[in-house]
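S.K.: Under the numbering used here, think of the first position of the sequence shown as 38, with each following residue one higher.
Quick caveat, the hints were computed from the structure, so don't treat them as lab data. No experiment lies behind these values; they were computed from the predicted model shown. Where is the CB? At the ideal position from N, CA and C, for every residue including glycine. Do not take every clue at face value.
[As the list claims (entries may be wrong)] Distance ranges between label pairs, derived from CB positions:
1. Ser-200 / Ser-73: 31 to 41 angstroms
2. Cys-146 / Ser-39: 47 to 57 angstroms
3. Thr-203 / Met-174: 18 to 28 angstroms
4. Ser-143 / Lys-42: 38 to 48 angstroms
5. Arg-75 / Asn-197: 42 to 52 angstroms
6. Asn-197 / Phe-56: 20 to 30 angstroms
7. Ser-92 / Tyr-191: 12 to 22 angstroms
8. Leu-45 / Thr-148: 40 to 50 angstroms
9. Tyr-43 / Asn-163: 46 to 56 angstroms
10. Thr-148 / Cys-207: 28 to 38 angstroms
11. Gln-54 / Lys-74: 45 to 55 angstroms
12. Gly-71 / Ile-196: 41 to 51 angstroms
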Amino acid sequence: MSCSKYLLSRELLIFFQQFIVCFILTLRTYALYGRSKRLLIWMVAVVIALAGAASAGIFGHSSSTVIVVPGVNCYESYATVSPASPGLAWVALFAYELLIFVLTVSRICKTKGLLRSPSLVMSRKNIIDIIFQDGAMYFAAMSLSNIPNILMFYYGSDINKASLATFTSCMSVTLVSRLMLNLHKSIDPGYLSTRSP
38 MSCSKYLLSR
48 ELLIFFQQFI
58 VCFILTLRTY
68 ALYGRSKRLL
78 IWMVAVVIAL
88 AGAASAGIFG
98 HSSSTVIVVP
108 GVNCYESYAT
118 VSPASPGLAW
128 VALFAYELLI
138 FVLTVSRICK
148 TKGLLRSPSL
158 VMSRKNIIDI
168 IFQDGAMYFA
178 AMSLSNIPNI
188 LMFYYGSDIN
198 KASLATFTSC
208 MSVTLVSRLM
218 LNLHKSIDPG
228 YLSTRSP
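Please build the complete structure, drawing on both the sequences and the hints.
M.R.: This is the structure we're talking about:
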């Protein structure tokens, strides 16, 4: 496989990973809002707009050239692109994660009266608390990972421009998996649990 094909397949893999992450976050928010069709239509429209911007950012740069670092193989090569192109995809993803976080906090404030309830930080007894706490931790961790990634795309040198993209993508997939497993654990006691007759 040539270096340019490798880099394209890597970008496609990251794009589809992040699309699945956004799909899962959308499902969680849709469930949190009681399966509101209006909210779902609005979120799908936002996803389509941001996916278009991300696609243009990732695949719209036709003037990319591959730099092969002397002494290393193709898998450690980097593409030089216009400064805003790939960073635009990560900005779109960050904007969508921010939207999901704002929607989650808004719903929790309406449901639980967050500003009046100091016990929300300490309690993990019901599903609303778990969704809020896990969502807040996800957003904080992804912000700490995504902001340096975006800054690297805009201000990094050509050789390390995409150096944090794989890490950020892996963090996102891992944290969403933890969100879902933690939610499942809070609902289902497991198949090894004993049930009294």
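S.K.: Hint by hint, note whether the structure agrees.
M.R.: Evaluated hints:
1. For Ser-200 and Ser-73, the Cβ-Cβ distance of about 40 angstroms falls inside the hinted range of 31 to 41 angstroms, so the restraint holds.
2. A hinted range of 47 to 57 angstroms for the beta carbons of Cys-146 and Ser-39 is consistent with their spacing of about 52 angstroms.
3. Against the hinted window of 18 to 28 angstroms, the Cβ-Cβ separation of Thr-203 and Met-174 comes to about 22 angstroms, which satisfies the hint.
4. Distance hint check for Ser-143 and Lys-42: the Cβ-Cβ separation is about 44 angstroms, which falls inside the suggested range of 38 to 48 angstroms.
5. At roughly 44 angstroms, the beta carbons of Arg-75 and Asn-197 sit within the given window of 42 to 52 angstroms.
6. Distance hint check: the CB atoms of Asn-197 and Phe-56 are about 25 angstroms apart, consistent with the given range 20 to 30 angstroms.
7. Against the hinted window of 12 to 22 angstroms, the Cβ-Cβ separation of Ser-92 and Tyr-191 comes to about 19 angstroms, which satisfies the hint.
8. At about 44 angstroms, the beta-carbon gap between Leu-45 and Thr-148 stays in the expected band of 40 to 50 angstroms.
9. Roughly 47 angstroms separates the CB atoms of Tyr-43 and Asn-163, a value that falls within the hinted 46 to 56 angstroms.
10. Between Thr-148 and Cys-207 the CB atoms are about 32 angstroms apart, so this pair conforms to the stated range of 28 to 38 angstroms.
11. Between Gln-54 and Lys-74 the Cβ separation comes to about 28 angstroms, which falls outside the hinted range of 45 to 55 angstroms.
12. Evaluation of the 41 to 51 angstroms hint for Gly-71 and Ile-196 yields a pass: the beta carbon distance comes to about 49 angstroms.
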